[in-house]
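Letter by letter, the chains look like this.
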Amino acid sequence: MMKKLSIGDIFYRSLMWILMAVSVIPLIWVIRTAFIPSGKALNLFALAAPTLENIRHVFETVPFLQYYGNTILITLLVLVVQLVLVTFAGYAFARMDFYGSKVLFVIFLAQMMIAPEVLILPNYSLMVKLGLNDSRIGIALPFFASAMGTLIVRQTIKTIPYELEEAAQVEGASFMQIITKVYVPLLKPAFVAFGMISVSYQWNNFLWPLVMTDSVSKRPLSLGLAMFAMSFETGAQWSDVSAATFLVCAPLLILFVVFQKQFIESFVHSGIK
Amino acid sequence: MSTAQQVLAGPAIQSGTSRVSLTVIQERARKKKWRTSIRAWMLLLPSLIFLGIFTVYPIIQSLISSFYKDDLTTIQPVFAGLSNYQELASDPVFWESLRNNLLIAVVTVPASILLGVALASFSNALGKLGKTVTRIGFIYPTFIPLVAAANIWMFIYTPIYGLLGYINSNWRLLADGKTAIWAIIVMLIWKQAGYLMLFYIAGLNGISKEVFEAAEIDGATGFRRFKAITWPLLKPTTMYVFIIALTSAFKTVDHLYIMTKGGPGNATNMLLFYIYQTGFDYWNNGKASAMTVILVGILLIVTAVKFFYDDRHAYYN
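Order-wise, the sequence lines are chains G and Y.
Here the numbering used here is used: position 263 in the first sequence is 1656, and no number is missing along the way.
Here the numbering used here is used: position 185 in the second sequence is 507, and no number is missing along the way.
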């Protein structure tokens, strides 16, 4: 049965699709400029065969592989530690009745509002005192505890019936076994959803790594891109900058496009509401 | 279940007496709660260590440092009372950064939230292909670094050669003090709406179909249904998303490093970026600490206000 569309409906839908175009145009432009020969970059309507020349040029000029390595290292390190910590903390807040739970919960909430970057100055001084400035682990350290992840795990655990844990208790499962055998498998959607957020946060983080790295060998992708982009003044280099931008964005974008359905499903099925 | 309930549900006393006194039950409940507490604290310990070192301690440290004069003229920090705060009060750059930040927050937070929920509703109503296309199309900006977005939008705004230059070659959007901040606001909304849309997709899916069907039977459709039913049911999501958008408005300054460095003439400067400049370019630790304290204060106050406001108005949960 066809619903009759009112003028309001048509207006609304057109608006949405226009917004869609606005949203997507920057991406299309970047990809196009990255793969078009640099001479033609500025002429928006020029058509030419795609070329890998710009990308090759970027790799020659700048140690992009090193940057990739650094970013991947930091991102994975943070993710793995976070998953363990938020599972423990999320379980504690979701299932346990203990002294100080309200106060500790407020401390966790505080981190949601006040990210480590806001405290960039004191955190940096601390890192210098610890001798961890200009190190990748120093970049990762402040993010090991995650209030957001803890909240997500807590919400998800609350949607799981307590009977499952009781059944495991009856079978004599130890405390750790309950967490790992009963809850962890059921927390998969929460892990995927939070993992997405964490990975994209760390991959794209900029200001904190900016103050934390001095040497090129420790530099992550976001910094490499910024340095690269700023070394160009004229428009002719837009193809190089676009190629570099593409190289930095591509991994996450490709992951997102390929796994988009699973990612969004995981958001829906985790406790996030 | 609270500890007391667990004790009451547990095995009865074996001694054979048929009467169990209240004090005995309370004693057991207390002992059990201590056992649970120790376990809970152990589980929370790793997180608390990191939170303590990198969130709580820095806030206290900033507070203390803000009362000391510590810049290029002092070898050791010197106690200076409120002088850093007084200096800030008469610093026009500080006030301009604060004004800009408030403007950005006031515009991007509602705009991103409204767009997020509108896009999520729109996407949910489409067929499978439509859903996939709109989701990818709107959410992808979340996954690219802000510095990359800044690069792209810097080109879009470039006079004459940029994308917008094709429309009007006279536009100097980033160079003009009046338009620069709005150009940035557009980019920030572009970057954030999709992220909030993601949360709203989850939120919308959490509302059971029966609610929508009941509304349709009652004749409520479209905007009226949204306003009266959908939006109130999305309250938890909106609260969550509000905090994310608000903190974002204050902490995302990456683009300034590439695009305008706060200019032209501080027209686009933001608090956190000015903190970065004061601390790392001008090496004035005391003043930067004072600003950090103010920034933390703003974030805490706004969230506290929002919580109390919502608490009084929330009937549904």
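Derived by calculation from the structure, the hints in this document are not laboratory data.
Model, not experiment: these values are computed from the prediction.
Please note that a few of the clues may not be correct.
Which residues of chain Y face chain G? A partial, calculated answer using Cβ under 8 angstroms [claimed, not checked]: (1) Ile489; (2) Trp493; (3) Ile511; (4) Trp512; (5) Asp576; (6) Thr625; (7) Val627.
From the three backbone atoms N, C-alpha and C, an ideal C-beta is built for every residue, glycine too.
For the hint on threonine 625/Y, just tell me whether its beta-carbon gets within less than 8 angstroms of chain G. holds, 5 angstroms
Tell me if the interface restraint on isoleucine 489/Y is satisfied: Cβ within less than 8 angstroms of some Cβ in chain G. violated, 11 angstroms
Does tryptophan 512/Y pass the interface check with chain G, least Cβ-Cβ distance below 8 angstroms? With a minimum Cβ separation of about 7 angstroms from chain G (threshold 8 angstroms), the hint on tryptophan 512/Y holds.
Should the hint that valine 627/Y touches chain G count as held when the rule is a Cβ pair under 8 angstroms? Violated. Min distance 12 angstroms.
Do the numbers back the hint for tryptophan 493/Y, that is, is its least Cβ distance to chain G under 8 angstroms? violated, 16 angstroms
With 8 angstroms as the cut and Cβ atoms as the points, is aspartate 576/Y at the interface with chain G? Holds, about 4 angstroms.
At a threshold of 8 angstroms, is the proposed contact between isoleucine 511/Y and chain G supported by beta-carbon distances? violated, 10 angstroms
In terms of the numbered hints stated before, the structure departs from hints 1, 2, 3, 7, listed from lowest to highest.
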